[in-house]
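If you want the building blocks of each chain, they are given just below.
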Amino acid sequence: MIPKIPLSHWVDQFVEWLDTHISPLFDLIKATIGFTVDSFEWVLTMPPALVVILIFTALAYAAARTRVALFTLLGFLLVWNLGYWDVTMQTLALVLTAAIISIVLGVPLGILSASSNRIQSIVTPVLDFMQTMPAFVYLLPAVSFFSLGMVPGVVASVIFAIPPTIRLTNLGIRQVPKDLVEAADAFGSTPMQKLIKLEIPLAVPTIMAGINQTIMLSLSMVVISSMIGAQGVGVDVLRAVTQTEVGVGFEAGLAVVILAVVLDRVTQSLVQNKRSGSK
Amino acid sequence: MPIIEVKGLTKIFGPNPKRAIAMLAKGLSKDRIYQETKLTVGVNQASFTIEEGEIFVIMGLSGSGKSTLVRLLNRLIDPTDGQVLIQGKDIVKMSKEQLREVRRKQISMVFQKFALFPHRSVLENTEYGLEIQGIDKSERRKKAMDALELVGLKNWENSRPDQLSGGMQQRVGLARGLANDPDVLLMDEAFSALDPLIRKDMQDELLELQSRMKKTIVFITHDLDEALRIGDRIALMKDGAIVQIGTPEEIMTNPANEYVERFVEDVDLSKVLTASHVMKRPVTITPDKGPRVALQFMKEHGVSNVYVVDGARKLLGVVNAEDASQAVKEGKKLTDILIEDVPTVTADTFLHELFDQVSQAKVPLAVVDDSGRLSGIVIRGAVLAALAGSTDLEVGS
Ligand SMILES: Nc1ncnc2c1ncn2[C@@H]1O[C@H](COP(=O)(O)OP(=O)(O)OP(=O)(O)O)[C@@H](O)[C@H]1O
Ligand SMILES: [Mg+2]
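First to last, the sequence lines map onto chains A and B.
FYI, the numbering used here numbers position 198 of the first sequence as 198, with every residue one higher than the one before it.
Just add 1000 to the spot in the second sequence (first one is 1) and you have the numbering used here.
It should be emphasised that the hints constitute simulated quantities derived from the structure, not laboratory data.
Hints may contain errors.
[Said to hold, decoys possible] Here are the computed lysine-lysine pairs in the DSS-like style, where the Cα-Cα straight-line distance is at most 30 angstroms:
1) K1154(B) to K1200(B)
2) K197(A) to K1093(B)
3) K1026(B) to K1113(B)
4) K1280(B) to K1333(B)
5) K1271(B) to K178(A)
6) K1096(B) to K1143(B)
7) K1143(B) to K194(A)
8) K178(A) to K1238(B)
9) K197(A) to K1137(B)
10) K1143(B) to K1200(B)
11) K1105(B) to K197(A)
12) K197(A) to K1113(B)
13) K1113(B) to K194(A)
14) K1142(B) to K1214(B)
15) K1137(B) to K178(A)
16) K178(A) to K1026(B)
17) K1200(B) to K178(A)
18) K1089(B) to K1007(B)
19) K1154(B) to K194(A)
20) K1089(B) to K194(A)
21) K1299(B) to K1271(B)
22) K1238(B) to K197(A)
23) K194(A) to K1105(B)
24) K1362(B) to K1299(B)
25) K1142(B) to K194(A)
26) K197(A) to K1143(B)
27) K1018(B) to K1142(B)
28) K194(A) to K1038(B)
29) K1038(B) to K178(A)
30) K1280(B) to K1362(B)
31) K178(A) to K1007(B)
32) K1214(B) to K1093(B)
33) K1271(B) to K1289(B)
34) K1096(B) to K1214(B)
35) K1137(B) to K1038(B)
36) K1362(B) to K178(A)
37) K1096(B) to K178(A)
38) K197(A) to K1096(B)
Chain A extracted, bound-state conformation:
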């Protein structure tokens, strides 16, 4: 009989190697992510809830239309009333951090894979792999590098949620009409000038659509993240599930849904504003 290939052993060893050899880097990442999440959390939970709700309503009104603003107001008031305000804001802090990291890493990666077919042919299967792997699996390396808490939650969310940003940035840049790229070349643009003055501006609506999807995906990770100690409304959902408290589960789930709808509508209308702005 052929002996089993010791794949799990290799992976364990690799993770261990990473842990011992580049742990200073992990410490730095941990500190940065931790600081970002804490800052968001502080900003969102320090002021009285009503003030934050009004600010969100104003932001929604500025970004989208009256209906979205109204939904934001009523939805967040309900969350507050049900007593889930602080945990929902913790979740929002996690999601925002994950989204920012995804943008900071994902947009340049997308640009890079748009710049060469070679890079694209490496990146695409990696992204496919990341998206088809069960999301739970990301918890393990996240925990082994960053122990428990918010930070591994953010890391797992980023791994799970970053692919759309990379894919759609890549797509957006590749979709810039060939004759415009040719015109930019014909006038003697450097590759960087072409990127900044032509390709990125034209790709912005597509990139924004990718960021929207990334935010939605990282929100869908909150319950899973709570299994490794990330705070937030996911904890309540998880508890409700394990203790079969249907009522609590419904309330906590509702808080997640309200947050999701607000984030989705607001980011989507940012896309639309960009689209009509570029007309």
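Based on the hints, put chain B with the ligands in the right spot on chain A.
Below, chain B with the ligands alone, put in the same frame as chain A:
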């Protein structure tokens, strides 16, 4: 030194294209090479020179390689073989930086579908070439505004491209091409997307601009009328190769082969030939002579009119036989019977433009130069003969 010199320029599309070069050199056809290697010949060993200040038209059917050829001139496409000398320097051998410099300063381009940047205003589009050179804002704005004024788009600088009509959009394209004051302007079917009337206007405007700015223009078209209208010289392409280069008249009157002949056969000659092609030598007389001499001249040459010119051949008028014999009887002078109202045209007037005049005038049209000197006359019969395709054209002095 010619401004552009192209030597043995070849572009073959497909993997490993060099292997087809030897086949081209042996004279194998584009189809044959495709059958054997699956490589597409874009441009086949083109060689020509373009002189400073001329409008050089490249013409040919769809797929004949015009766009490829023009893109080889600024290396938007890298050639498989051959040289492109711009003011003596081979751009094929240049580094990326040197090439950018050439594109920024020496050659610019106008595109068939305009290729305006949709997220930039008309002004921002126009100044693009200057912006990427790092020229400061006030200076580049000024130059861009000048270019916009030149193409008649003053006051449109803050519009978005999609708020303009096709003709106006292409004016922006032209302004963008002119703003960095290049020596050479490449225009790939720049007017093909415009409707016919606008297209004519743009052609006229281009000629007008050209007469003021003296750029070298490489103009691609598949339309023979357009080529004849604006070209100083025309290169005809077939299957990537250049089959004939010449002035519009040379191409029309002396097609190099059957392909060119077919290309030119349904052309309206009246839009190609000018008064200078059909004019004849006039019978002239100076005003100090009498009517008797005038009659004698008419008899000698078998004509019924003589043209009266002064010592410098400046046209004064015409005298006809009837008036002259009357004057002989009544003892009048030549100046008494001079008809000063003679229809005149210039030598470069196209035949279709002098049609009405020649058919209504009672005397042949006088062809005069800018200072009014008589260089020839146009008779109705000669115009008709020329349009009937007679190549026996007598060119006046
Ligand atoms: N990128 C490319 N890859 C492969 N073949 C190409 C490519 N570009 C052009 N060709 C081929 O090269 C030949 C010349 O094409 P080109 O576009 O230069 O013709 P054209 O004279 O400009 O035609 P049109 O009037 O349709 O614009 C054609 O056979 C075309 O199919
Ligand atoms: Mg073409």
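Review point. Can you list which hints this structure breaks, lowest number first?
Key: 3, 5, 16, 21, 22, 27, 28, 33, 35 and 36
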